[in-house]
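Student: For reference, the chains in residue letters:
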Amino acid sequence: TQLLEQSPQFLSIQEGENLTVYCNSSSVFSSLQWYRQEPGEGPVLLVTVVTGGEVKKLKRLTFQFGDARKDSSLHITAAQPGDTGLYLCAGPKNSGGSNYKLTFGKGTLLTVNP
Amino acid sequence: DTGVSQDPRHKITKRGQNVTFRCDPISEHNRLYWYRQTLGQGPEFLTYFQNEAQLEKSRLLSDRFSAERPKGSFSTLEIQRTEQGDSAMYLCASSTHLVGSSYNSPLHFGNGTRLTVT
Numbered sequence: 001t002q003l004l005e006q007s008p009q010f011l012s013i014q015e016g017e018n019l020t021v022y023c024n025s026s027s028v029f030s031s032l033q034w035y036r037q038e039p040g041e042g043p044v045l046l047v048t049v050v051t052g053g054e055v056k057k058l059k060r061l062t063f064q065f066g067d068a069r070k071d072s073s074l075h076i077t078a079a080q081p082g083d084t085g086l087y088l089c090a091g092p093k094n095s096g097g098s099n100y101k102l103t104f105g106k107g108t109l110l111t112v113n114p
Numbered sequence: 001d002t003g004v005s006q007d008p009r010h011k012i013t014k015r016g017q018n019v020t021f022r023c024d025p026i027s028e029h030n031r032l033y034w035y036r037q038t039l040g041q042g043p044e045f046l047t048y049f050q051n052e053a054q055l056e057k058s059r060l061l062s063d064r065f066s067a068e069r070p071k072g073s074f075s076t077l078e079i080q081r082t083e084q085g086d087s088a089m090y091l092c093a094s095s096t097h098l099v100g101s102s103y104n105s106p107l108h109f110g111n112g113t114r115l116t117v118t
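So the sequences go chain by chain: A and B.
Every letter in the first sequence is one number past the one before it in the working numbering, and letter 110, counting from 1, is 110.
Every letter in the second sequence is one number past the one before it in the working numbering, and letter 64, counting from 1, is 64.
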């Protein structure tokens with residue numbers, strides 16, 4: 001079973017602080033995706049990482065894929081209230097690497113207080 | 001690009017009733033997916049279509065669940081004889097798959113239908 005474990009489950013910080021959330025698995029994934037989901041809405045894709053060791057930046061967000069492709073992290077610099085949401089990682093599940101069937105972690109619920 | 005549209009946004013029903021949800025994908029997308037998300041969990045894959053063909057169903061999809069995509073455009077998900085355990089957010093997503101290749105574009109999710117079974 002390909003499970004993705006995310007930590008921490010909840011995170012509440014003040015505006016301007018930095019934070020890192022983690023996504024770990026005992027399985028190798030061909031790629032991992034990060035989504036942000038706001039209350040009452042569907043997940044929105046932030047980034048896909050494909051190569052072991054890859055680092056991608058999206059403004060104040062930095063995503064890293066572990067060398068062994070079993071884990072990933074998301075670092076947010078100078079968090080803002082608009083960053084509040086549920087951050088989900090997801091990877092292809094027994095689908096030959098194709099992302100049509102994704103397994104999701106439980107997510108990290110981030111609250112950034114003004 | 002009007003995005004993936006789901007209807008209704010909320011549905012409250014009594015146990016034992018049947019419910020039907022609709023999903024309108026992004027028009028040029030040939031793949032359509034249904035996922036279910038319960039409180040405190042990430043979405044779980046239920047089924048997907050390529051055009052009108054239903055290519056895979058999860059074991060989570062019991063016999064009370066049926067999904068269709070009759071013309072390869074919109075899709076419906078019906079739950080018969082609803083149970084309290086069916087209460088969840090039902091998410092639809094769509095993507096483009098290049099036939100003959102392994103390429104699948106990123107999934108675009110709708111805002112879901114929240115089902116409450118009382």
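Hints listed in this document are in silico derivations from the structure and should not be mistaken for laboratory results.
For clarity, every value in this text was computed on a predicted model and none was experimentally measured.
Every residue, glycine too, gets a C-beta built ideally from N, C-alpha and C.
Honestly, I wouldn't trust all of these hints.
If you only want the chain A side, here are some residues facing chain B, beta carbon under 7 angstroms, derived [what the hints assert, rightly or not]: (1) Phe-10; (2) Glu-41; (3) Gly-42; (4) Pro-43; (5) Leu-45; (6) Leu-88; (7) Tyr-100; (8) Lys-101; (9) Gly-105; (10) Lys-106; (11) Gly-107.
Stretch by stretch, here's where chain A covers chain B in the computed footprint (C-beta under 8 angstroms, at least three residues) [unchecked claim]: (12) 92-99; (13) 107-114.
Student: Give me the numbers of the hints this structure contradicts, sorted from smallest to largest.
Tutor: 1
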